[in-house]
Amino acid sequence: MRDATGFLREEYEDIVEKGFDWKLRRLEGPSTPVCTVDGKEVIMLCSNNYLSLSNHPKLREAAKKAIDSHGAGSGSVRAIAGNMDLHEEAEDRVARFKGTEASLIYQTGFAANAGLIPQLCGKGDIFISDELNHGSIIDGVRLSKADRAVYAHNDMAECEKVVKEVSEKDYRRILILTDGVFSMDGDVAHMDRIVEIAKQYGAMTYVDDAHGEGVIGPDGRGIGAHFGITGEIDVEMGTFSKAFGVVGGLVAGSEDLKKFAYNKSRTWLLSGSHPPAVAAAQIAAIDVLETEPEHVRRLWENTNYFKKEIQGMGYDTGDSTTPITPVICGESHKAKELSTRLYDEGIFGLPIVFPMVARDKARIRTMMNAGLTREHLDKALGAFESIGKDLKII
Amino acid sequence: MKVIGFLVNPIAGMGGRVGLKGTDGVVDRAIELGAEPIARAKAEEMLGHFKELVEENAVRWLTCAGTMGEDPLKSSGYDNIEILYEPEPATSGEDTKAAVRAFIEKGAELIVFCGGDGTARDICSVTGSETPILGIPSGVKMYSGVFGVTPVKTAEILRDHVEDRLTMTEVEILDLDEDKYRDGEWSVRLYATARTPFESTLIQHAKVMIEEAAEDVIREEIAEYIVEEVNENPGTLFLLGPGSTVEFVGKEMKIDKTLLGIDAVRGGELVGSDVNESDILRLLNDANECKLIVSPIGAQGFVLGRGNLQLSPEVIRRIGRRNIMVIASPAKLKRTPVLRFDTGDAELDSELAGRGYFSVVIGYRLSRLVEVAK
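The listed protein sequences correspond, in order, to chains L and R.
Quick note: the first sequence uses the numbering used here, first residue 2, plus one each step.
Quick note: the second sequence uses the numbering used here, first residue 200, plus one each step.
Since the hints were derived computationally from the structure, they do not count as laboratory data.
Note that CB positions come from ideal geometry on N, CA and C, so glycine has one too.
One or more hints might be untrue.
Residues from chain R that keep clear of chain L, each with C-beta distances beyond 10 Å, as calculated [claimed, not checked]:
(1) 231
(2) 251
(3) 274
(4) 330
(5) 376
(6) 426
(7) 476
(8) 484
(9) 498
(10) 558
(11) 561
(12) 562
(13) 566
(14) 568
For the chain L half of the interface with chain R, some residues (derived, Cβ under 8 Å), not all of them [to be verified]:
(15) 78
(16) 82
(17) 97
(18) 148
(19) 159
(20) 162
(21) 163
(22) 166
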């Protein structure tokens, strides 16, 4: 007789044995720069809440008010009866903020990539992708019958060779896909060059700027503004769940893109729309970015200070130029040990180890927060220094 | 504890220094010319490094008496040894085969050997594609895919195997035909495939979760793509080249593909098995379109000109560069960073090299550019 569900436990146990299972940490209370994790007060160095907006009074207030005026849920998918004024207002605000003709908000960033990417290229088309792109892009690509070609990470010479080679074949559409800020290393795609290459060979461009929205560019307007090419990237995709402090995927580009995208993305068409509180908080987040430039400024002050100090100690931080600073430790056990001991000292930084990164490049991936004070940073840096020396990493 | 067979071909590599390309059948001549044994030093280098990496009792060694294994193991400080075979005073390939048979009988899960392509062939004739093998490079020729790049690298692979970090894959066992070579003719033959431990490819699975993909999973992906192409283009002739990567495609197509030969498929049906040059030319006469599926020889990177001489310059010109699909797993490409075309027609080779790179299929509809040697 067949064991219908035995695999659930077997496969889970296999994951545990390999040490690849996720051990969930519990956040008790709000996601603040200093917060309570599993009962212990810690300085948070691994949240995506870069600007601490998730707990900003204006976002909290907007969310509460929207519940009073619009209720707790939206009642439907947007295509049928769940398209509220708040949803449309949020999209207008995104477009204005990003300097694009239009924008479309998906339920999550993953839903945007998984829903839109397979619609942009199909049989007879080709995706050209950076080899280190995020899993949601890869899943989006896998849902398509288009061919794919990869180029070495951030290697623009190879990217151009691939585009040139591909442009001589009989492909109908060519789409270059890249992360904006790469989430493991904190380096930035050469978007200006990618757009140039794309224009030369008649290709489209798509950037996943999840870690760049609200972080890079003037007032956190993202990678297009960062390179001075606002409106020139065909699809600028981002998320409300990181620097914006809420949740939701966003796509900014032309009006044509918006109409194409919502008519064709199954993830958008078949998921319930955001609750009013979410849409209102999204609008409030953009308000804050437009009127309170100090958050982005403080994020970068903190980033520059932390990066300079940690490099000064002798830590390798790879090619990072953003608030994601990988603190590279070498072998996996060193990163794990460093993380455990940091936690004992009240600092929360998760280790990233093989197979997520190369065997000798295990690291603590730190993410800066605008709400951390100099005292917090000095405490964290002191711990990185003493434990790092103890473990002979530095 | 791991049970590993350990074997040294004490005369491996002796021909090289004295200008013989190999020691197959000419060991006396090599000694006469002043050749000295080098295999023992290579074996000791590997064992010495391995000892630093892995605690001593992690491995039980099954080996042969004297120079064929016992001596270098003992001089490297290992005593967890079981001697299963006493070789003849002047060792030969027959000793190698007998020893390997004894190791397997005693439950060896991996055979580590020190030698060259000839030794690999002898061992593989016993292990087939069952027991995996791993080579410490010491021969004059090391074209087969079972060798570590250096003895130190071999020790690291062995460490990773002992720590269960590796998966197994099939690689080609190649050897130069030494009699022909000494007469001035270069002829590399594909003799068999063997299993060897392999670092798997990392693939991104889902959000920030990356999984190791076994070599077979990647080969399946490549095969799935080619099977789709075959089904969608029923009028196109597909020529499937030799080697284990392409053999996998044949399996997915459910045709009886030869391992070492070239086979022809149209509309999912086998229309030619182990075809020669004139068969191919005849098939091309009847075909409007043709795609050639080939995989480079691991490490050396030959796409054409080794092990597939049926693909003559005339055949290749008729097929055309854009109809050649080169397939290889990312792990194979890691060991094979440069591709080579050596059709015997320099003009054609340079045409094939194009701008210095070739697009290689590395997964389902997935390709990347790989450098081509000029």
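Outcome of the hint check:
no.	hint	verdict
1	231	holds, 48 Å
2	251	holds, 15 Å
3	274	holds, 30 Å
4	330	holds, 25 Å
5	376	holds, 37 Å
6	426	holds, 14 Å
7	476	holds, 29 Å
8	484	holds, 25 Å
9	498	holds, 21 Å
10	558	violated, 6 Å
11	561	violated, 8 Å
12	562	violated, 8 Å
13	566	violated, 5 Å
14	568	violated, 6 Å
15	78	violated, 23 Å
16	82	violated, 31 Å
17	97	violated, 30 Å
18	148	holds, 5 Å
19	159	holds, 7 Å
20	162	holds, 6 Å
21	163	holds, 6 Å
22	166	holds, 6 Å
Checked against the numbered hints given earlier, this structure breaks hints 10, 11, 12, 13, 14, 15, 16 and 17; the rest are met.
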